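**Q** Letter by letter, the chains look like this.
Protein chains: 2
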Amino acid sequence: MAGKPETQIRPISNIVIVVAMEMEALPIVNRFRLTRQPHSSFPERVPWVRYGGTYKDLSINLIWPGKDPASAIGHCFVLSATSPDPFLSGADSIGTIPSALVTYAAIQALQPDLIINAGTTGGFKAKGASIGDIFIISGCAFHDRRIPIPGFDLYGVGLRKAFDTPNLIKELNLKVGRLSTGNSLDMTLQDESLIMANDATVIDMEGAAIAYVADLLKVPAIFVKAVTNIVDGDKPIVEEFLENLAAVADALDPAVEQVVNFINGNSLSEL
Amino acid sequence: MAGKPETQIRPISNIVIVVAMEMEALPIVNRFRLTRQPHSSFPERVPWVRYGGTYKDLSINLIWPGKDPASAIGHCFVLSATSPDPFLSGADSIGTIPSALVTYAAIQALQPDLIINAGTTGGFKAKGASIGDIFIISGCAFHDRRIPIPGFDLYGVGLRKAFDTPNLIKELNLKVGRLSTGNSLDMTLQDESLIMANDATVIDMEGAAIAYVADLLKVPAIFVKAVTNIVDGDKPIVEEFLENLAAVADALDPAVEQVVNFINGNSLSEL
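So the protein lines, in turn, are chains A and B. Start counting the first sequence at 269; every next residue gets the next number (this note's numbering). Start counting the second sequence at 269; every next residue gets the next number (this note's numbering).
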C-alpha cells in the first residue's frame, strides 16, 4: 500500500448518499434508520433535505434536493398533506443542476470519504439491462450537451470514470455498465445517438453531474442504479417509468444496503 | 417605500457578475480594472476564477467558472501559453452546471446585493433581435429539460422572472426579451419548439441556471445579453457564433458599464 494517500488505506468512515427523488430516498432512509437533520449544513432557504445517522462503523448522510419551491407553493399543484400520491405535493428537484448543487454543498459541509449516487435508471435491453437489475456504473457522460467546437465537444460529453470498485462488484455479483445523463425523461433521436456514442447501458438525469462535481472536488464517487424501464423496448419511456418507479425504488434500497455493508470496515483501496 | 425590506431601499453596494467564457469576461475585467483574486472564497481545487475591485461606490466581483480541468490538462488540447487562440488552452466551463455552482458559491462567499449575468446570446430576428443588440432579460426558462409528467413538466421549464428594472431599461433604452437556456450550442427541432413555447427572443447556455440559483437563495438577478448570432437566419449557428464572438464580447462590456453606472448610487427598488 506504500505510496497510497492516507484516505485510500484507512477504513471508510463517512459516506454521503445523493438521491434525486423522495420515492427513491425514503426506503433507503428507513433501511438505515436515518433521521431528518436540521438544515444547519445548508443555507436557510434551500429545499434540500438531509437525513443522517450511524450505521455499523459508518456515518451516513443521505441528501435529497427536495421539492422544487416554485412548483411546491402552488404554481401548478394544490398542496395536499393527506394525498398518497407523491407527485401531488410538488415536483422533486430532479436533473443535473440540483444534484450538482447538493453534491457540492454536501462535500463542503460533510467532507465525505465517498459519495454514493443511488437511483433509478432506464436501461437498454440490447446492452443487457432488464427491469429491476442493479448496475454499478463504470463511467458517466452527458448526452444532451452538444457543443460542436473542437475541445468543447469533449467537454460537453464530460466523461468521468466512477471510482473503481472491482472487489465490491465481484463480491456482490452486480452488473457493470456505463451511464449517460440528460435533463429530459424522454429521448430524442439526437439524445439516442449520443447515448450510443457514450456506449451507455443505462441512462439517468443526474449521474454525470454528480460525477463532475465529485471529480472537481476530488471525492471518490460510485453509482448504484436500479432499472425502472427499458428504453429500447415496446413501452413508452414515461409510462413504464411511472408504472415501475415504486417497485424498483423498493429494490434499490436492499442493493444500497449490500453495497454499504461491503464498504463498512473496508478502505477505499479495498473496494 | 414603506414596507420594503431594508435591502431594497439602501444603495446597492456589492454586485457579483457571472460570466461563462473568458473572452466575455476579460473585457469587463479590464473595463472595471478588476484584479484576479486569490481563491480563498472557493474550494482549493476548483478552476473558478474571481476578479474583484472597487468601482465608484460599488464592490464588484466577476466570477468565471474557468477552463474545464479535464480538457485543460491535455485530454484534447496541447496547452500553449503563447497561443492567441483562447480555444487552444482548454474549453471554458460553459453550460448550466458550472454556472449554477459558481453562482451558489459566490452568493455564499460574497453575499452580493445583486447578481448580473453578462454574456453573449443567440437571437431570433423574427422576435426583433439583430447582431450586436444588447438585451435585458425579463424572464428565463429552460428548453432542454423535457419531463412529460404533470408538474414535472413546469419544473423542467423552470421559468424564473428576472429582477424588475423598469427605470434602468428606460434610461439606457435597451431591448427587453425572454431568454431560453439549454446545454447545447446547436438547436434540435425539439429545442426550437420549446424555445418558441418559452416565448424567447434570445437563447444562451447559462441564464436559467443562474436565475434558478439566485431565486433559490433569494438574491435579485439581472441578465445583460449581447447577440452574437441570429438563430433563425441563413448561417449555421456555430459558424456565426464563432465568427462574431470576439466582436460581440467587445460590445458587451460597454453595455455592462452602462448598467453598472446606472446601478451605482441606486437602491434595488430604484432600478
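Keep in mind that a hint or two might mislead.
Same chains, same label: a pair holds when it works inside one copy or across any pair of copies.
Unchecked claim - In silico SDA-like pairs for lysine to any residue, Cα to Cα no more than 25 Å straight-line:
| # | residue 1 | residue 2 |
| --- | --- | --- |
| 1 | LYS429 | PRO337 |
| 2 | LYS503 | LEU536 |
| 3 | LYS429 | ASN329 |
| 4 | LYS395 | LEU378 |
| 5 | LYS324 | ARG313 |
| 6 | LYS486 | ALA519 |
| 7 | LYS429 | PRO311 |
| 8 | LYS429 | GLY334 |
| 9 | LYS503 | ILE417 |
| 10 | LYS443 | ALA394 |
| 11 | LYS429 | LEU510 |
| 12 | LYS429 | GLU312 |
Calculated directly from the structure, the hints in this document are not laboratory data. Just so we're clear, the structure is a prediction, and the values are computed from it rather than from any experiment.
**Q** State whether the alpha carbon distance between LYS429 and ASN329 is at most 25 Å within one copy, between copies, both, or neither.
**A** within (23 Å within a copy, 34 Å between copies)
**Q** Reference check for the pair LYS443 and ALA394, CA-CA at most 25 Å: within, between, both, or neither?
**A** Within one copy, since 14 Å is at most 25 Å while 51 Å is not.
**Q** If the cut is 25 Å between Cα atoms, do LYS429 and PRO337 qualify within a copy, between copies, both or neither?
**A** Classified as between; 14 Å across copies, 33 Å inside a copy.
**Q** Checking an output row: LYS324 and ARG313, CA cutoff 25 Å. Within, between, both or neither?
**A** neither (33 Å within a copy, 32 Å between copies)
**Q** Should LYS503 paired with LEU536 be assigned to within, between, both, or neither, using CA atoms and 25 Å as the limit?
**A** neither (40 Å within a copy, 52 Å between copies)
**Q** At most 25 Å between C-alpha atoms: does LYS429 with LEU510 qualify within a copy, between copies, both, or neither?
**A** Classified as neither; 29 Å inside a copy, 31 Å across copies.
**Q** 25 Å Cα cut-off: does LYS429 pair with PRO311 within a copy, between copies, both or neither?
**A** Close across copies (22 Å), not inside one copy (30 Å); limit 25 Å.
**Q** Is it within, between, both, or neither for LYS395 and LEU378, if the alpha carbons may be no more than 25 Å apart?
**A** neither (37 Å within a copy, 47 Å between copies)
**Q** How would you label the pair LYS429, GLU312 (within, between, both, or neither) given a Cα cut-off of 25 Å?
**A** between (33 Å within a copy, 21 Å between copies)
**Q** With identical chains, the pair LYS486 and ALA519 could be close in the same copy or across copies; at 25 Å between alpha carbons, which is it: within, between, both, or neither?
**A** neither (30 Å within a copy, 38 Å between copies)
**Q** At 25 Å max between alpha carbons, let me know whether LYS429 reaches GLY334 within a copy, between copies, both or neither.
**A** between (27 Å within a copy, 21 Å between copies)
**Q** State whether the alpha carbon distance between LYS503 and ILE417 is at most 25 Å within one copy, between copies, both, or neither.
**A** For LYS503 and ILE417, only the inter-copy Cα distance (16 Å) is at most 25 Å; the intra-copy one is 36 Å.
This entry does not satisfy hints 2, 4, 5, 6, 11, going by the numbered hints stated previously.
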